[in-house]
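Here the protein sequences come in this chain order: X and S.
If you count by the working numbering, then the first sequence holds residues 2 to 689, one letter each, in order.
If you count by the working numbering, then the second sequence holds residues 2 to 689, one letter each, in order.
Do not take every clue at face value.
[Stated by the list, open to error] With the Cβ distance kept under 8 Å, some of the chain X side facing chain S (calculated, not the full set):
#1 Met328
#2 Leu331
#3 Val641
[Stated by the list, open to error] Okay, derived cross-link-like pairs now, BS3-like style, lysine-lysine, Cα gap no bigger than 27 Å in a straight line:
#4 Lys490(S) - Lys536(X)
#5 Lys559(S) - Lys536(S)
#6 Lys627(S) - Lys590(X)
#7 Lys652(X) - Lys490(S)
#8 Lys627(X) - Lys559(S)
#9 Lys652(X) - Lys627(S)
#10 Lys627(S) - Lys536(X)
#11 Lys536(X) - Lys652(S)
These are calculated hints, taken from the structure and not from any lab test.
We treat Cβ as the ideally placed atom computed from N, Cα and C, and that holds for glycine.
Here are the chains, one letter per residue:
Protein chains: 2
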Amino acid sequence: MSKLTDVPKRILIGRALRSDRLGETLLPKRIALPVFASDPLSSVAYAPGEVLLVLSIAGASAYAFSPWIAVAVVILMFTVVASYRQNVHAYPSGGGDYEVANTNLGPKAGVGVASALLVDYVLTVAVSISSGVENLGSAIPFIVEHKVASAIVIIVLLTLMNLRGVKESGRFFAIPTYVFVTGVFAMIAWGAFRGLVMGDNMRAPTADLEIQAEQQGLAGIALFFLLLRAFSSGCAALTGVEAISNGVPAFRKPKSRNAATTLALMGGLAVTMFCGIIGLALATDVKMAEHPAHDLLRDGKPVGEGYTQEPVISQVAAAVFGDGSFMFVLLAAATALVLFLAANTAYNGFPLLGSILAQDRYLPRQLHTRGDRLAFSNGIVLLAGAAALLVYAYGADSTRLIQLYIVGVFVSFTISQTGMVRHWNRHLRTETDPAARRRMIRSRAINTFGAFFTGLVLVVVLITKFGHGAWVSLVGMAFFFVLMTAIRKHYDRVSQELAAPEGPSDDSLRPSRVHSIVLVSKIHRPTLRAVAYAKLMRSDKLEALSINVDPAETKALKEEWERRGINVPLKILDSPYREITRPAVEYVKSLRRESPRDVVSVIIPEYVVGHWYEHLLHNQSALRLKGRLLFTPGVMVTSVPYQLRSSELAKQRAKKHQEWNAPGAVRRGPVDKTQQGAGTAKEPSGAE
Amino acid sequence: MSKLTDVPKRILIGRALRSDRLGETLLPKRIALPVFASDPLSSVAYAPGEVLLVLSIAGASAYAFSPWIAVAVVILMFTVVASYRQNVHAYPSGGGDYEVANTNLGPKAGVGVASALLVDYVLTVAVSISSGVENLGSAIPFIVEHKVASAIVIIVLLTLMNLRGVKESGRFFAIPTYVFVTGVFAMIAWGAFRGLVMGDNMRAPTADLEIQAEQQGLAGIALFFLLLRAFSSGCAALTGVEAISNGVPAFRKPKSRNAATTLALMGGLAVTMFCGIIGLALATDVKMAEHPAHDLLRDGKPVGEGYTQEPVISQVAAAVFGDGSFMFVLLAAATALVLFLAANTAYNGFPLLGSILAQDRYLPRQLHTRGDRLAFSNGIVLLAGAAALLVYAYGADSTRLIQLYIVGVFVSFTISQTGMVRHWNRHLRTETDPAARRRMIRSRAINTFGAFFTGLVLVVVLITKFGHGAWVSLVGMAFFFVLMTAIRKHYDRVSQELAAPEGPSDDSLRPSRVHSIVLVSKIHRPTLRAVAYAKLMRSDKLEALSINVDPAETKALKEEWERRGINVPLKILDSPYREITRPAVEYVKSLRRESPRDVVSVIIPEYVVGHWYEHLLHNQSALRLKGRLLFTPGVMVTSVPYQLRSSELAKQRAKKHQEWNAPGAVRRGPVDKTQQGAGTAKEPSGAE
């Protein structure tokens with residue numbers, strides 16, 4: 002606000018950039034893939050490790066189950082991708098899971114999905130950044146030694162970047178994402194070549210460790226339960242898949258088809274990388290444990306608290322490329338960067354979803370206005386604060402945070418797919434063209450399987466992870482659900498209260514005359530301007546009103562009023578206790594009592610100043626009086642501003658703010674008038 | 002604000018009390034004495050101890066100098082009391098030292114005195130509470146073991162009490178003060194009786210300790226310097242004397258004379274108690290040291306860090322009445338209570354001084370309005386925060402805090418007395434009546450001696466205490482001085498910029514026509530009311546304006562507008578980026594460009610809601626638009642409020658706040674219109 006705070010703020014948040022008006026920024030597939038897929042692709046950096054980690058509970062021999070779990074994850078991934086390809090065709094408007102649920106299953110389901118997604122965004126930030134820090138730490142030990150601090154520093158940097166309104170740029174996303182994908186594929190190829198063709202014996206840094214099984218000789222139900230848990234953890238690879246379905250409007254035309262193709266591409270890349278990393282991990286004898294300090298043994302003794310468990314991707318890279326080699330460091334850096342970009346995705350998705358929810362009056366409606374800096378800023382700070390809290394509470398341990406993560410994802414998957422089944426049922430009722438019907442029936446089958454499978458996974462996740470942290474997510478969802486329901490209820494109640502009656506308006510809205518009062522404390526330019534404006538308005542009665550808080554001053558005011566020949570009667574009210582507000586409000590009320598059908602127009606000269614501290618020094622009694630008058634029926638309150646020279650500053654600041662770039666703008670795509678007009682968009686009711 | 006925060010707030014701060022309108026609360030002398038004198042009287046609880054403490058640096062033998070130092074303090078006290086008796090006669094308006102300095106020595110001296118007094122108030126809280134905790138601790142060891150925490154708890158309690166607006170009641174002050182004074186006199190009398198008549202050998206708890214002199218065999222300049230330092234410390238007894246001169250308006254008539262009598266009474270009581278305690282301390286062999294852990298020896302060995310040095314008054318009480326006896330506990334409790342009341346004095350004096358400074362535009366002018374709860378609350382929280390910080394930083398050690406204390410007091414004493422000399426000089430120039438001249442010459446002589454003596458003490462204090470902490474006070478004073486000067490400069494600049502030109506007003510203030518615009522987002526009651534009111538105003542042109550952020554909605558709005566037959570033209574502005582503010586402001590500007598002499602009146606329907614969270618949900622775009630329009634010249638912005646049912650709550654809250662009791666109200670006395678009109682009171686300029 003002030004010059005004082007402006008300089009550091011400008012350094013941190015930056016001068017607002019001129020928006021290039023979104024219009025020409027539609028994304029080609031090769032750019033859309035990294036923009037939307039950095040989140041799901043980056044999850045292969047931690048998901049394979051999580052599978053091994055859970056299996057290790059039954060000892061190293063259980064690692065043999067990991068290919069089967071990988072197969073299950075691959076099937077699930079194909080199911081989800083196939084299902085969402087139906088979504089993007091059926092709902093090209095970018096509403097994503099929320100819109101699907103809302104339209105087909107009703108508002109409760111919609112709010113449920115939205116709550117799950119909001120929690121998910123928070124966790125995307127927390128998990129991705131924690132995992133990114135772990136990956137970066139495999140190359141730079143300092144970072145992993147100060148894990149929580151590093152993670153929070155990165156959250157702060159991302160927050161500042163997004164508050165600053167840095168527009169997501171395709172290239173910014175493309176380079177690290179493609180380096181990451183290429184790097185992982187090179188690692189898989191080179192690893193396969195060395196292992197299968199050259200017969201090298203590649204050894205991961207942890208190859209010589211032994212795992213002490215926490216639960217020896219698991220079998221039957223217990224083993225099955227453990228495998229389910231490992232599968233749940235592997236499902237972390239699925240997070241972020243729905244991002245594309247939220248971003249359809251940002252694609253080049255044909256939007257839906259391009260989005261569907263990108264989705265398939267993303268799915269293919271993800272499963273290949275996931276399986277490749279698991280395969281290499283088995284080949285290089287990676288050892289990971291849930292509690293490495295106790296469960297990993299070196300020469301028969303636990304490695305102890307000082308041991309840092311490296312992420313599976315970095316262990317494999319060390320085995321294939323050599324620890325500290327150029328490719329190892331490059332891959333570690335790319336992995337970390339992609340994970341940070343995945344976190345940034347949440348910074349963009351959160352306001353985007355917020356805007357859609359605001360449109361449906363589940364959130365304050367200023368979130369709907371594009372570029373409402375204040376609203377977006379609050380959202381971003383909320384997101385960052387919640388993520389930082391989680392990172393702090395869980396010691397930036399991605400393994401522990403992942404326990405919370407997958408619930409939200411699968412809640413929205415399941416509800417959304419169920420909604421899609423309803424969608425096709427509805428359309429099938431009216432569709433008569435056999436070819437179209439066939440397509441619909443096929444789509445319905447895919448979505449039905451999707452709903453069933455993701456629902457099953459959700460149950461598995463809930464059962465296996467509830468005590469490990471999933472309950473925290475559920476609490477978060479319940480919080481958002483209750484909050485949004487309450488906000489919507491409030492807007493509905495107000496809207497009902499405000500509804501204009503049909504037919505001739507009732508009498509209370511039909512005032513007969515206006516009695517205008519100009520508030521005067523002394524004679525200066527603002528007062529003279531206010532009096533001049535008031536005269537122009539030709540109200541039925543016009544008088545100036547001054548509150549006598551100091552007889553000497555009031556006397557001087559009266560004399561000057563006469564001397565200047567201001568032809569408006571000056572009324573003086575006594576105020577023995579030096580109050581301004583009370584006598585003025587009581588006078589207005591007395592006028593209303595005398596003639597209830599009159600409207601009282603109170604005209605207040607106001608200074609406009611440029612600095613926040615000047616606000617503290619001025620207009621306080623004017624503001625208070627205005628605040629009180631607003632509660633008095635039959636009153637209109639007019640500010641006649643007088644711009645002081647310093648106000649020029651504030652004006653320029655306000656302009657700058659207006660040219661700010663809202664996060665999520667690229668994903669949202671440009672405003673398409675025809676589509677917008679035809680869509681289900683509802684402007685929240687209320688005075689603008 | 003909200004129900005949610007209201008409940009705990011009401012428990013802590015309480016329901017605002019109905020003010021009994023101050024009018025009938027003039028104080029008789031027997032009540033005024035405890036109200037105003039709890040501060041100076043309470044200082045005898047620590048001042049004698051400080052003298053002994055400093056002397057101990059040269060060993061126990063130096064205690065022999067203490068009677069001489071007591072004599073010096075007594076002379077100083079008589080001088081100051083005599084001087085201030087002149088003040089209360091000459092300046093009965095309650096402006097105190099600030100008014101005297103401001104009137105006679107100019108605004109810089111006035112601001113200097115005010116800065117010193119503000120720092121002093123902070124220190125009064127810090128020192129009194131620390132000392133009170135030490136005294137209470139002599140009866141309840143738990144308190145002294147958690148000294149800092151106890152002191153801060155008491156600061157918090159006093160702060161809540163004052164935020165709550167508990168009116169100072171005479172009785173509340175009178176009982177502990179009179180118990181304290183009676184108790185000390187009883188102690189002196191009983192001690193004298195036991196010692197002189199009965200020949201008892203009373204022994205203080207520390208009588209058997211030895212003092213290891215930090216500086217052995219001091220003589221000459223060094224000894225003199227030490228004696229000066231001891232004297233400086235003894236001057237702590239003088240703090241608070243000026244309180245009565247600030248409170249003259251609160252006395253019964255004849256105000257000045259009653260105030261002068263009370264002052265004399267207070268001085269007499271204070272010196273008697275001071276000397277009595279020093280005498281008893283010598284008679285009972287009290288041993289106090291600056292660093293008791295090292296310098297006090299028991300059987301030749303230092304007592305060590307665990308030793309708690311009891312205040313002198315409690316040691317003497319233990320010797321005279323017996324440790325733990327009823328009188329001992331009663332006196333300890335009364336002492337602590339009087340010290341806390343002394344701290345409370347600052348809570349009342351701070352806003353009182355702030356109000357006077359605000360009147361002269363050195364502080365934000367809302368401080369001048371009686372019962373501006375927000376302004377007072379900020380002042381109280383500032384005072385409490387600064388005091389708590391000092392208490393924390395100095396470990397609630399009254400001895401260390403006292404080093405900071407006396408500077409401010411003697412700065413204001415000296416400046417004020419110098420001002421009084423000028424006052425008499427000025428009056429002597431015009432006075433011809435020989436009797437009056439004689440009186441004036443006598444008064445001038447008293448004030449001259451006062452100025453000289455207090456100035457000398459100030460120099461002594463600065464020299465002996467600068468390094469011990471007095472510099473902190475000087476930094477604080479400089480801070481207030483710079484702040485207040487800047488605020489005054491700002492008000493002056495604004496006032497100059499606003500000054501209405503004499504003669505016929507210039508053209509820019511003489512608009513010709515009004516173009517009214519009612520902002521419409523949808524048709525509901527607030528809109529209809531705003532349109533009806535706008536029609537009443539009979540402006541030259543009236544139109545309704547809607548921003549098209551959603552074509553479908555806009556179309557619906559247009560149709561309903563037609564259907565309802567609202568006979569005001571509806572203008573639609575396109576807004577491809579869903580902005581509200583920018584298109585509206587640009588439209589207004591374009592109107593102004595077309596006809597620069599027109600005034601644009603923007604009428605905004607607004608909801609009035611009752612809870613702070615409802616504010617978050619409504620009117621955001623209206624508020625933002627209003628904010629931006631105020632920067633546009635030639636615009637008037639009218640709010641037409643529509644009161645939602647929930648607004649009733651907020652209205653009641655606002656009423657409650659209005660009936661709040663401002664701290665310092667009793668001291669300030671009622672508003673006396675004749676006096677106020679005749680005084681130098683200047684209402685700060687600016688719109689109310």
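For each hint given before, does the structure comply? Return the numbers of the non-compliant ones in rising order. Hints 1, 2, 4, 8 and 11 contradicted; others consistent.
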